[in-house]
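The primary structure of each chain is shown beneath.
There are 2 protein chains.
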Amino acid sequence: MSRWQPNARGRLEQATLELFAERGYEQTTVAEIAARAGLTERTFFRHFADKREALFSGQDALEALLVAAVAAAPEAAAPIDAVAAALAAAGAQFARRREDLLLRQAIIGTHPELRERELIKLGSLTAALAGALRRRGVADSAAGLSAEAGTAVLRIAVERWLGQDTSDSAGDLDGIIRATLAELKAVAAGA
Amino acid sequence: MSRWQPNARGRLEQATLELFAERGYEQTTVAEIAARAGLTERTFFRHFADKREALFSGQDALEALLVAAVAAAPEAAAPIDAVAAALAAAGAQFARRREDLLLRQAIIGTHPELRERELIKLGSLTAALAGALRRRGVADSAAGLSAEAGTAVLRIAVERWLGQDTSDSAGDLDGIIRATLAELKAVAAGA
Numbered sequence: 000m001s002r003w004q005p006n007a008r009g010r011l012e013q014a015t016l017e018l019f020a021e022r023g024y025e026q027t028t029v030a031e032i033a034a035r036a037g038l039t040e041r042t043f044f045r046h047f048a049d050k051r052e053a054l055f056s057g058q059d060a061l062e063a064l065l066v067a068a069v070a071a072a073p074e075a076a077a078p079i080d081a082v083a084a085a086l087a088a089a090g091a092q093f094a095r096r097r098e099d100l101l102l103r104q105a106i107i108g109t110h111p112e113l114r115e116r117e118l119i120k121l122g123s124l125t126a127a128l129a130g131a132l133r134r135r136g137v138a139d140s141a142a143g144l145s146a147e148a149g150t151a152v153l154r155i156a157v158e159r160w161l162g163q164d165t166s167d168s169a170g171d172l173d174g175i176i177r178a179t180l181a182e183l184k185a186v187a188a189g190a
Numbered sequence: 000m001s002r003w004q005p006n007a008r009g010r011l012e013q014a015t016l017e018l019f020a021e022r023g024y025e026q027t028t029v030a031e032i033a034a035r036a037g038l039t040e041r042t043f044f045r046h047f048a049d050k051r052e053a054l055f056s057g058q059d060a061l062e063a064l065l066v067a068a069v070a071a072a073p074e075a076a077a078p079i080d081a082v083a084a085a086l087a088a089a090g091a092q093f094a095r096r097r098e099d100l101l102l103r104q105a106i107i108g109t110h111p112e113l114r115e116r117e118l119i120k121l122g123s124l125t126a127a128l129a130g131a132l133r134r135r136g137v138a139d140s141a142a143g144l145s146a147e148a149g150t151a152v153l154r155i156a157v158e159r160w161l162g163q164d165t166s167d168s169a170g171d172l173d174g175i176i177r178a179t180l181a182e183l184k185a186v187a188a189g190a
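From first to last, the protein sequence lines stand for chains A and B.
Numbered per numbering that gives the first Met the number 0, the first sequence spans residues 0 to 190.
Numbered per numbering that gives the first Met the number 0, the second sequence spans residues 0 to 190.
Worth double-checking, as some hints may not be accurate.
The list treats identical chains as interchangeable, and a pair is accepted whether it falls inside one copy or across any two copies.
Unchecked claim - Subject to a maximum C-alpha distance of 25 Å in a straight line, what follows is the list of computed DMTMM-like cross-link-like pairs (lysine to aspartate or glutamate):
hint: 1; residue 1: Lys50; residue 2: Asp164
hint: 2; residue 1: Lys120; residue 2: Asp139
hint: 3; residue 1: Lys50; residue 2: Glu74
hint: 4; residue 1: Lys184; residue 2: Glu52
hint: 5; residue 1: Lys184; residue 2: Glu31
hint: 6; residue 1: Lys50; residue 2: Asp139
hint: 7; residue 1: Lys50; residue 2: Asp173
hint: 8; residue 1: Lys120; residue 2: Glu17
hint: 9; residue 1: Lys120; residue 2: Asp173
hint: 10; residue 1: Lys50; residue 2: Glu112
hint: 11; residue 1: Lys184; residue 2: Glu112
hint: 12; residue 1: Lys50; residue 2: Glu21
hint: 13; residue 1: Lys50; residue 2: Glu98
hint: 14; residue 1: Lys184; residue 2: Asp173
Think of the hints as simulated: they come from the structure by calculation, not from any bench.
What you are looking at is a predicted structure, and each value in this text was computed from that prediction instead of being measured.
Chain A with its partners taken away, still in its complex shape (with noise of 0.2 Å):
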């Protein structure tokens, strides 16, 4: 049997989301996320450490695409601009892939091992965001500022396009970003 799988990490990702989701996080083990994902045990821990791993690894994609999205606004953005456009980055993404959104996050939302997870996560996301900033010249504490009030409106606006009723609004999470921003801003203006 030939090493290289085609793209075996994302096939263990979403075998690792169904069976969560059907048969609950203690509950799946391994091997049967494998067998799921047609490859072998070996093969998943040549990606990852542990079930719970697979769940988070979109993580990772999703900090390098903000960081990507940073670097790549305009020199005279300023920082919150150079934010907005990251989020816009990540919530086009999103906005695919919104039925694995939801089972991930009732799976995340009953387990407060995987809570905390997806905490720690968020915390490397606004390090990694601040980084981003700092590397455009932007001061440290504006850039840790920037990259908190980035991190809080993307949760925010994630968590109420997942509640919503989207039977005639379908998608729109760029809308609420933006409205999710928008909100920051009046917030922090004292509105």
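Start from chain A and add chain B according to the hints.
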């Protein structure tokens, strides 16, 4: 021996901090902490689940302080101003404990496991602040955004305060909190 010990909890917290700083986090045992505080291990475990929790118990008091300050803010205060009042209350309490906070920061900074715990406590602080704002009638997303802004400002201001040379401006944490909040407002406005 009486079960009741005057300020046992505070003495255990102080002993924990001292021993972690002197001997390191891993090397310190609960038996040593109890001995330093002049108490028994049994008393330690009546207050804390483990040595790590003894380092973080101040966070619960901080959470109660912030929630009380938000509740006590004038009815007409905007959410961000209620948050500012809470930050001022926290700052007044921190300002008296600079040396302890420096020790604590150094210990946490060198242990990923403790940094994660700090992040989780900060997440719980944000949720508690948002809850206090909602009880004032603030809408969900404005409460969440104001709370996130508040904990971000507090964390960044305290880091800045602990990092500065205070030989001639000792303890002006209150001023730094105000300046950081003003900076958040400027950043959000796109300055």
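_Checking each numbered hint in turn, tell me which of them this model violates, lowest number first._
When the structure is compared with the hints, numbers 1, 3, 4, 5, 6, 7, 11 turn out to be violated.
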